[in-house]
Amino acid sequence: MAFTDQNKRRNTKELKEFVGYVFPAIVFITTFVSVPFLMCVYNSFRKWNGISKSTKFIGLKNYYKLFTNDPTFLHSLGFTFLYAVCVVVFINVLALFLAVLLESNIKGKGFFRAAFYIPNIISLVVIGFIWKFICIRVFDQLAVLTNDPFWQKSWLGDPRLAVVTTIFVSVWQGLGFYLIIYIAGLQSVPGDIIEAARIDGAGSVRRFFSITLPMIMASVSFCVFYSVANSMKMFELIFSLSGGGPGIATTPIALDIYNTAFNSNNFGYGSAKSVILFIIVSTISVIQVRFFKSREIEA
Amino acid sequence: MTLSQERQMPSAIFVLMLCIVLLYLLPLGIMILNSVKAYDEIMKNVLALPEHFSFKNFSIVFQDMNYPLTFVNTFVVTLIGTAGIVVFGSMAGYKMARVKTRYSRLTFIYCITPMMVPFQSFMITLVVVAKLFHLTNSIPGLGVIYWGLGVPMALFLYQGFAKTIPFELEESAVMDGCSQPRLFIQIIFPLLKSVTASVIVVNAMWIWNDFLLPLLVIGGSKERKTLQLAAYSFMGQYKSEWQNIMAAAILIIIPALVIYLIFQKNIIKGLVAGAVKG
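Chains Z and X, in that order, are what the protein sequence lines are.
At position 211 of the first sequence the residue is numbered 211 (our numbering), and the sequence of numbers has no breaks.
At position 45 of the second sequence the residue is numbered 45 (our numbering), and the sequence of numbers has no breaks.
Extracted from the complex, chain Z is given alone in its bound form:
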């Protein structure tokens, strides 16, 4: 009897201590993430302008409108997917390629790695201006100097080219981050396995695809996962580079949510769009984790 009593007392003491340590984290996460998120889901079934106190339950009307009567949203959905696929492919292929080059025992590896990372420390808003300046002024100048039709094109003014520009600038900006992750991955591959393959007569391309790539699958899965999640919610760079234009040509979902809620004051409808964004991002995450988990090899 006395024993269980003591046990109980120890348990409550442990629980009290646990709560003491964990409480602030839970409070802030709940206040600034969980509650807003649940409110968003709740409001997505209601009509609400964000100002008035009264909101009205309208069922699935917001969702119905999204897919039947909102060309802007459907366009932003299409653009976001196109943008994400292109950015993810280019950024990962280029970063991996450069990482392999850098890991081939050249001088000044640290310098190169640091240099490629520089665009990452600049805020996306500022990156947006710099490239806007380049697309408008510098390309103009190059057109005058070279008379090449390539520079004469309106890289931010033409709807199709503006999409290409946003993808290009995003790859340029993010590349250094993925490069660092891939370099770390390559460094963890034991040299003796590669050496053995070389002695067995495997060429450098074969060595890469048959040994190195499977060994760095953890890095690949992280980078693909991270780049997908990041490009699905891209906002700031596009906001300052193209403003989502011309027209709505480069408006991603996140910008469309922002415009709906804060420019058109349609909080309920914007919330419905937010929920869709959440569903898309989390579905992709789950699929990816499943896909890559089965392909990882421990070094």
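Everything labelled a hint here was simulated from the structure, so no lab data went into it.
A virtual CB, placed ideally from N, CA and C, is assigned to each residue, including glycine.
There is no bait here: all hints are sound.
Here are the computed lysine-lysine pairs in the DSS-like style, where the Cα-Cα straight-line distance is at most 30 angstroms:
(1) Lys269/X with Lys109/Z
(2) Lys193/X with Lys13/Z
(3) Lys265/X with Lys109/Z
(4) Lys100/X with Lys8/Z
(5) Lys193/X with Lys16/Z
(6) Lys265/X with Lys107/Z
Pairwise CB distance ranges (calculated):
(7) Ala173/X with Ser52/Z: 51 to 61 angstroms
(8) Tyr64/Z with Phe55/X: 52 to 62 angstroms
(9) Lys131/X with Leu60/Z: 22 to 32 angstroms
(10) Phe53/X with Leu101/Z: 34 to 44 angstroms
(11) Val286/Z with Met175/X: 41 to 51 angstroms
(12) Phe189/X with Leu145/Z: 53 to 63 angstroms
(13) Arg198/Z with Lys56/X: 52 to 62 angstroms
(14) Ala202/Z with Val87/X: 48 to 58 angstroms
(15) Ile58/Z with Leu169/X: 57 to 67 angstroms
(16) Val27/Z with Thr164/X: 25 to 35 angstroms
Okay, the calculated bits of chain X under chain Z, using three or more residues with CB under 8 angstroms as the criterion:
(17) 27-37
(18) 112-125
(19) 149-156
(20) 202-216
(21) 244-257
Based on the hints, put chain X in the right spot on chain Z.
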């Protein structure tokens, strides 16, 4: 490929990489070049070297943007945000690594799930909640909101690292009569310092450069602008006066660049730690 050919490869790759890096950073070079030019020089030829090298653009921008105030605002937000994330993240992460019960595991999952939720999917109602607590239009308020957004990732890193710290140290401290707060502050927290360095650097860079949350929470207020907000309103104000915009861009980049150059090693370590564990 023969052995001697393979030995020559590195220097060829070195030259190739050097060219790639120069081309890669060329846009930043163009930015610097044009920040010291006058307006008509830019109109004449953006790629030419400046005829009259001057820092006039910088002094105009410095005053217009109210740089000292904006800088202090951004600094305070970053300081409050990062400090809270480190304190609450380390406390919770450490305890969750130590207590191995069902409720501990459940709270851990609850606390790290937000890492998967895109910020844009709850930003609308986050503004509503922030208004409710009078955190909008306030610099400290903005810093506090970052606690909720940054703690999940920090907590995750701390929990992963705290698992590797030997238990005996705390046991003997408790035997000697060390109280819980003292145990954490004097013994545990110093042991976590490698994670703390990463968490500080990664979060400070993020908060310093963040634009969307300040836009939503601070918005148009003049005295409470952060550097990124000031940058954006600048763009609209100056339109085609690119020399001022480029000078502003440099003034905004410099603080982040200084932090980066000082803590370069920690940043890279922090990124890799986050990636490998994540």
